[in-house]
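Engineer: Given next are the chains, with one letter for each unit.
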Amino acid sequence: MKITEITTLLGGHIVCGKARAYISVQYGFAADLLSDILTLETEGILVITGLCTLQTIRTAEMAEIDCVVIARGKKVSPAMKDLADRTGVILIEADCSVFKASGILYASGLQPIY
Amino acid sequence: MKFEFDIVDGDFAKAGTASSQVKHLLKQLNVDTKIIKKTTVAIYEAEVNVVAHAIGGGKLLADINLERIVVEVVDEGPGIEDIARAMEVGFSTASPQVISMGFGAGMGLPNMRKNSDELEVISDVSGGTRVVITNYLVA
Ligand SMILES: Nc1ncnc2c1ncn2[C@@H]1O[C@H](COP(=O)(O)OP(=O)(O)OP(=O)(O)O)[C@@H](O)[C@H]1O
Ligand SMILES: [Mg+2]
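Here the protein sequences come in this chain order: A and B. Numbers 10 to 123, taken from our numbering, label the letters of the first sequence in order. Numbers 119 to 257, taken from our numbering, label the letters of the second sequence in order.
Since the hints were derived computationally from the structure, they do not count as laboratory data. Even for Gly, the Cβ is constructed at its ideal location relative to N, Cα and C. Be a bit skeptical, because a hint or two may be false.
[What the hints assert, rightly or not] Result set (DSBU-like, lysine-lysine): computed pairs, CA atoms no more than 35 Å apart in a straight line:
(1) A:LYS84 with B:LYS232
(2) A:LYS27 with B:LYS132
(3) B:LYS120 with A:LYS84
(4) A:LYS11 with B:LYS177
(5) A:LYS11 with B:LYS145
(6) A:LYS84 with A:LYS27
(7) B:LYS156 with A:LYS84
(8) B:LYS177 with A:LYS90
[As the list claims (entries may be wrong)] Under 10 Å between C-beta atoms, here's a sample of chain B residues computed to sit facing chain A:
(9) GLY128
(10) PHE130
(11) GLY224
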């Protein structure tokens, strides 16, 4: 599923990595625990989280997560933006809950990892 | 090639900078992407543990040749009381501050084991902790 399409479905907006938003991801994963994200071995993952910290971005970099959706209307900090820009992580802000974002994307065909 | 990076305790804004630099080094060496990922994840968990659990910070020492990378992550305490227990999924003594940063699930050490070819954890409560991760670079 294309990042642009995902952004529209969530009524969110891309705060970092707009130029790469044409790429597609195959899998979705929701987590508020960073070690959970670090256990993933698949490629082409989008993570939905309510954890809006610099470490969320750092973890995405390490785990090679293509795109992170920050749910629950939380606002990305300038430091997070800067790190996402430097590491190529696409960042989306969305007002809905993690549950709703997951439901919408699952129903639209984004696959679970397990 | 040998590299040394400082790890500052309690500074979650900087946690991961050493691992990130090692990742870049491995990319420059054209190491297989799967091996880069597992190595980065293992050393990042070790680096975060120093930030989260150690007092006084520590160091990350990387030694890379064509065949393998050896990363030593060392700190000066307080050490791990029961290493076998710490290696279990779910065991954590993380503070509320660490938990608020998204860590403290007790998954770091098991995750390090999964992502390293060889893992050594040496620790005692009078000294500090030394984690040695060895990964082979040829797929
Ligand atoms: N460098 C260290 N110094 C002191 N104690 C440590 C160190 N590394 C790990 N520990 C101890 O081992 C426990 C388990 O570590 P582990 O990395 O598996 O989980 P965690 O750090 O608590 O949570 P997570 O890694 O899932 O965020 C820690 O909670 C801590 O008690
Ligand atoms: Mg840990």
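Engineer: Among all the numbered hints in the text so far, which are the ones the structure does not match?
Structural biologist: 3, 4 and 9
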